[in-house]
Amino acid sequence: EAGVTQFPSHSVIEKGQTVTLRCDPISGHDNLYWYRRVMGKEIKFLLHFVKESKQDESGMPNNRFLAERTGGTYSTLKVQPAELEDSGVYFCASSLTGASYEQYFGPGTRLTVT
Amino acid sequence: AQSVSQHNHHVILSEAASLELGCNYSYGGTVNLFWYVQYPGQHLQLLLKYFSGDPLVKGIKGFEAEFIKSKFSFNLRKPSVQWSDTAEYFCAVKLMNTGFQKLVFGTGTRLLVSP
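These protein sequences, in sequence, are chains A and B.
The numbering used here applies: residue 1 is where the first sequence begins, and numbers increase by one.
The numbering used here applies: residue 1 is where the second sequence begins, and numbers increase by one.
Hints are supplied without guarantee of correctness; some may be wrong.
[Unchecked claim] Looking from chain B toward chain A, a few residues come up when the C-beta cut is under 7 Å (computed):
1) TYR39
2) LEU44
3) LEU48
4) SER52
5) GLY59
6) ASN75
7) ARG77
8) THR98
9) PHE100
10) PHE105
[Stated by the list, open to error] Reference excerpt, derived from the structure (chain B facing chain A, CB under 10 Å, subset only):
11) SER3
12) LEU13
13) LYS49
These are computed hints drawn from the structure, not numbers from a lab.
On a predicted model such as this, the values are computed, not experimentally measured, just so you know.
We treat Cβ as the ideally placed atom computed from N, Cα and C, and that holds for glycine.
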């Protein structure tokens, strides 16, 4: 069974540019999560999809971040325009539905904004 | 706001030494508790989890953790570490009965095991 995949693995962009990160969850997982880790800090929740609906987007930092999950399969996270403080590692996770199911994490996308 | 504290940011041990990594959380309600590990160059993977029942839980690779409700703690232990345990360890909490599924993570502990 394939795990959670993320693309790209690394991205270096200039301040003001746009970047789109992609996450493919494990097949059959209705729940998809985005997290971010800024260097030296904790991994922080960004948002949670159930199928194509946003269940919880309380962690989204501001309106420069837009997450979508059309069709309830893969998800994209767009940052537009990127700022220096957006640098970090963006993790995606997926899970089955139910309180007792764990979240499986992808390898992350390291975003560097210069 | 709810938070998770990991007391040690960096730990250096020799092989065969015992390990205990501290984790405390601030939330008075029901929680699910997790320890994740990230080996160099790999993705986060689950070491162990506590949902209910026996507060001493055993995970993969000889790790265990004990949930002490009165202390809001979920410390990770291993009696004898190996060089291959070099990794970053994250404690995480899911707040139950909130309608939300997000994990709240600690800042992580980098463990270096010298051979």
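A quick look at each hint next to the structure:
1. TYR39: 12 Å, violated
2. LEU44: With Cβ-Cβ at 4 Å, under 7 Å, it holds.
3. LEU48: Nearest chain A Cβ about 10 Å off; hint violated.
4. SER52: 9 Å, violated
5. GLY59: 12 Å, violated
6. ASN75: 18 Å, violated
7. ARG77: 20 Å, violated
8. THR98: The hint is violated - B/THR98 has no Cβ within 7 Å of chain A, the shortest such distance being about 10 Å.
9. PHE100: Nearest chain A Cβ about 5 Å off; hint holds.
10. PHE105: 4 Å, holds
11. SER3: With Cβ-Cβ at 9 Å, under 10 Å, it holds.
12. LEU13: 22 Å, violated
13. LYS49: 6 Å, holds
Comparing the model with each earlier hint shows violations of hints 1, 3, 4, 5, 6, 7, 8, 12; every other hint is respected.
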